[in-house]
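Student: Sequence:
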Amino acid sequence: MPPRKLPRHLVWLESFAASVESGSLEAAADHLGVARSVISEHLRALEEALADGQPLLERGPGRRLQLTARGQKLYEGTQTPLHQLDLKRLRDLASAESSLRLGLNPTLSQFLLSDIAEDVARSHIKLEVSFGSTFELVRQVQTNQLDLAVDFTPLPPHRGVEAESLLRLPFVVLSGPRSPLAAQHAGRRSLHVRDLTQQAFVDWQRDDPYGTANSARFSAHTVSVREVARVQSFLLLFDLLRAYQACAIAPDLRVLRSFPEDLCVWLLREEEPQAVEVVALQSSGGAPSEAAQLVLAGLRQRAAPKRRKND
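Our numbering numbers the first residue of the sequence shown as 1 and each following residue consecutively.
Fair warning: there could be bad hints in the mix.
To be verified - No more than 20 angstroms apart at the CA atoms, straight line, and that leaves these computed lysine to aspartate or glutamate pairs for DMTMM-like:
1. LYS126 to ASP52
2. LYS126 to ASP115
3. LYS126 to GLU76
4. LYS126 to GLU290
Honestly, the hints are just simulated from the structure, not real lab data.
Every value quoted in this text rests on a predicted model; they were computed, and no experiment measured them.
The whole structure should be built from the sequences, with the hints applied where relevant.
Tutor: This is the structure we're talking about:
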């Protein structure tokens, strides 16, 4: 089978990356086994295609090549699988326009995205939003596909990713408005795991760490519940609680936004209280962009009074 031929823009990109990493056009040419003039042609073609002819590289002290601001954005953003680097993606990376690639846990998108979008829009920053599981968000930050991600803990092992805790959330018991639990414990502010014995219960999927935590709780207190449903996302939980008149154990998101008024909510009492954190994830390989710093500042500001209230 003949070797696969790369699209032209990826050939140009290869010359660009080799020039950055070797520090000169001559060294890049030696590394790739081509003439210096070929490297120059590829760089010019890349600059015309992506940056309106503006330079991506310039001579620095000692005539060593260094990245321009556009070149820096492009180089950082191209440390990612080749199949994702189409020409439009490269143009976005090399654009002089400020932008932010943001990844969100689907649940947190409902609680945080509107405020984040307001901050970013006021500063005229282009926002690219994607949603994913914890594993997907960590992997995309590791491979520089995202500038910033916001998610819940626990996190998978994440070398090369810096995590900042924004909020610490305790757990609560939720139930449908006509559930037996609501009738038995009306007026109480908190419940123990033992109070859930033989109740209809909505759990998280088996590969979800919250479901594992619930199993450990029930086992530790010799509690048996009647599992009536499993759910992947917090966003789907409320309808199931109403339909099955069941209960669930979940993070207390009221510090971000109120639960639906018809649901019953109790703090969960535990001998060793557990909590989940809302964290911001960034690559630890360099300084965060101005756009990422702007969003982080807004998140910290909004989280501060809620963190104090929760403490």
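Student: Of the numbered hints stated earlier in the document, which are not met by this structure?
Tutor: none
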